[in-house]
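Engineer: Letter by letter, the chains look like this.
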Amino acid sequence: MTVIFAMIALVTLAGAIAAMSLRNLVHCALCLVLALGGLATLFLQLEAQFVGLAQILVYIGAVAILIVFAILLTRGSEPPQQPVVTSSWVMGAGVAVLTFGSLAAALLASWVTPAAANPKTDVAADVAVNRIGEKLMTDYVLPLEVVALLLTAALIGAVIIAMQEKGR
Amino acid sequence: MTDFCDQIFVLLAHWLVGTFPVSWRPLVSAIVSVSSIMAVFGLLFGLTTVVERKTIGRIQNRYGPNRVGLPFTELRLFGFGQFIADGIKALTKEDVVPRAADQVVHFLAPLILIVPVFLAFSVVPVGRNMVPIDIDAGVLFFFAVGAGTELAVFTAGWSSRNKYSLLGAMRAIAQMISYEVPLIISTITVVMLVGSLSTVKIVEAQADYSGQLPQWHVFTPWGFAGFVLFLIAAMAESNRSPFDLPEGESEIIAGYFIEYSGFKFAVFFLAEYLGMFAISGMAITLFLGGWTAPLAMLDWLPSWLWFFGKLMALIFLFIWVRGTVPRLRIDQLMHFAWKFMLPMALINIVAAGLWRFLPPGLGRWLVCSAILLVPYFLLGKALMGERRFAKRKYRYAE
Numbered sequence: 283m284t285v286i287f288a289m290i291a292l293v294t295l296a297g298a299i300a301a302m303s304l305r306n307l308v309h310c311a312l313c314l315v316l317a318l319g320g321l322a323t324l325f326l327q328l329e330a331q332f333v334g335l336a337q338i339l340v341y342i343g344a345v346a347i348l349i350v351f352a353i354l355l356t357r358g359s360e361p362p363q364q365p366v367v368t369s370s371w372v373m374g375a376g377v378a379v380l381t382f383g384s385l386a387a388a389l390l391a392s393w394v395t396p397a398a399a400n401p402k403t404d405v406a407a408d409v410a411v412n413r414i415g416e417k418l419m420t421d422y423v424l425p426l427e428v429v430a431l432l433l434t435a436a437l438i439g440a441v442i443i444a445m446q447e448k449g450r
Numbered sequence: 101m102t103d104f105c106d107q108i109f110v111l112l113a114h115w116l117v118g119t120f121p122v123s124w125r126p127l128v129s130a131i132v133s134v135s136s137i138m139a140v141f142g143l144l145f146g147l148t149t150v151v152e153r154k155t156i157g158r159i160q161n162r163y164g165p166n167r168v169g170l171p172f173t174e175l176r177l178f179g180f181g182q183f184i185a186d187g188i189k190a191l192t193k194e195d196v197v198p199r200a201a202d203q204v205v206h207f208l209a210p211l212i213l214i215v216p217v218f219l220a221f222s223v224v225p226v227g228r229n230m231v232p233i234d235i236d237a238g239v240l241f242f243f244a245v246g247a248g249t250e251l252a253v254f255t256a257g258w259s260s261r262n263k264y265s266l267l268g269a270m271r272a273i274a275q276m277i278s279y280e281v282p283l284i285i286s287t288i289t290v291v292m293l294v295g296s297l298s299t300v301k302i303v304e305a306q307a308d309y310s311g312q313l314p315q316w317h318v319f320t321p322w323g324f325a326g327f328v329l330f331l332i333a334a335m336a337e338s339n340r341s342p343f344d345l346p347e348g349e350s351e352i353i354a355g356y357f358i359e360y361s362g363f364k365f366a367v368f369f370l371a372e373y374l375g376m377f378a379i380s381g382m383a384i385t386l387f388l389g390g391w392t393a394p395l396a397m398l399d400w401l402p403s404w405l406w407f408f409g410k411l412m413a414l415i416f417l418f419i420w421v422r423g424t425v426p427r428l429r430i431d432q433l434m435h436f437a438w439k440f441m442l443p444m445a446l447i448n449i450v451a452a453g454l455w456r457f458l459p460p461g462l463g464r465w466l467v468c469s470a471i472l473l474v475p476y477f478l479l480g481k482a483l484m485g486e487r488r489f490a491k492r493k494y495r496y497a498e
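From first to last, the protein sequence lines are chains A and B.
For any residue, its number in our numbering is found by taking its place in the first sequence, counting from 1, and adding 282.
For any residue, its number in our numbering is found by taking its place in the second sequence, counting from 1, and adding 100.
Hints are computed from structural coordinates only; laboratory data are not their basis.
Since the model is a prediction, treat every value here as computed from it, not as a measurement.
We treat Cβ as the ideally placed atom computed from N, Cα and C, and that holds for glycine.
There could be a bad hint or two in this list.
Far from chain A, some chain B residues (derived; all Cβ distances over 10 Å) [as the list claims (entries may be wrong)]: (1) A237; (2) S296; (3) A307.
Chain B side only, calculated, beta carbon under 8 Å to chain A, not exhaustive [as the list claims (entries may be wrong)]: (4) I233; (5) D236; (6) L240; (7) F241; (8) A244; (9) I273; (10) V281.
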């Protein structure tokens, strides 16, 4: 664990905690962006350029904006009056523990572990942008097409919802 | 001698880094790169503001700044000292923060804006061997850091607690997200043909000459279409006129930075211009051959001179467009992005793919041009609908 990793991890955790505990929803969204940016930096520090930069492009460039718009369009910017810690936290904590547990179990059982445990393997060449592109166009072309179809359907749906109804 | 002139800044940086102990060198090298980017593009920003005011003045039949020279001297320099005076004024002005504003976020917004804008320069090659960081995913890096500016604009607009600034931020985000789509899709063609996301490799792919003529991407049908689409989207991304609705002085006063004054306002101004430089630099890298010379016989001139020459030419184009084209309405802006730019950018991908696999020759030119020109005319005609343009008739009071 290097100093840089410790710094990034600290900032990410602080952002995540602030995103949960602040009163003003827009502040929460901005802190969430900090946590997402920290995660992207972690990916970059692991030499996973494509994943890290895609994380910034998608999460900070698009998802954060979406969250912020959703907050502005659904309620006033005034902070809510009820306390931050409510009874729904028990349920949320249970779901969080279950999710973390299943993810951790899946990761620990996956075939990646032996290779990752060996630091001599050239990880950087394995996650290079070229390799990801080749894999997407050969081995994973069907999932890619399915995702494309799904996104097109979502796009058409959005257009239909936003379309003016001619009849009125 | 030619090589020396070409590499003078690289050699200078190497010498400077070499004077430090080995363990310090990575840090010193980074500081040298960062400070030279900040100094060069900061100075270019200052000069561009004067050039812009003088050019716009010329277009509008007035003088523009022509008095202020260097401080403490009699040198007038045709008014090119104006930006020094402007900078001192911005630094010493009172910084007014509205009482209702969200103090912390209001303070942070200009910082969140300026950092990604400076980061974007780190992958733009400004000359042979002159790129601060050469990473595998350079183009992706450029667009990823560019995504941060949208959030900064929202932060500025929201934290001011002003309806005008929130409206301006909403407009800015809608515009930037809409035009980011054709911007990135028009870039994909270059990445497809070069086969790399590295900006250095993209420039090297255009560095050869066929006879005297360069092999820049802009001199192919798909490259020309891509360059025009990229440039229009770049104007919208950097909120330049005719896409300056987020500022819209006549409707929403100054948009998202209405509640900023003093040096914070200057930072917004700086970020807008630096964003314009960065995206122009990217356009040069992708389509205009980066630092390569336009004719093989002019290759002896230093590479950085060509890059900055092309940059100045593009900046002049931006100023020219600002001085002559009226601002779009918000619905026109959206229609243009989604109904014209996006289909054309998608068709351009098909044209680029065909260009790659057809044998070189006249046939390739005809097929690719037809694929782009026919939809261009059909789409234009369909979107025009029943409207017809004729010479404007003036009616005067009698």
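Engineer: Mind listing which of the numbered hints don't hold for this structure, in increasing order?
Structural biologist: Structure breaks hints 1, 2, 4, 10.
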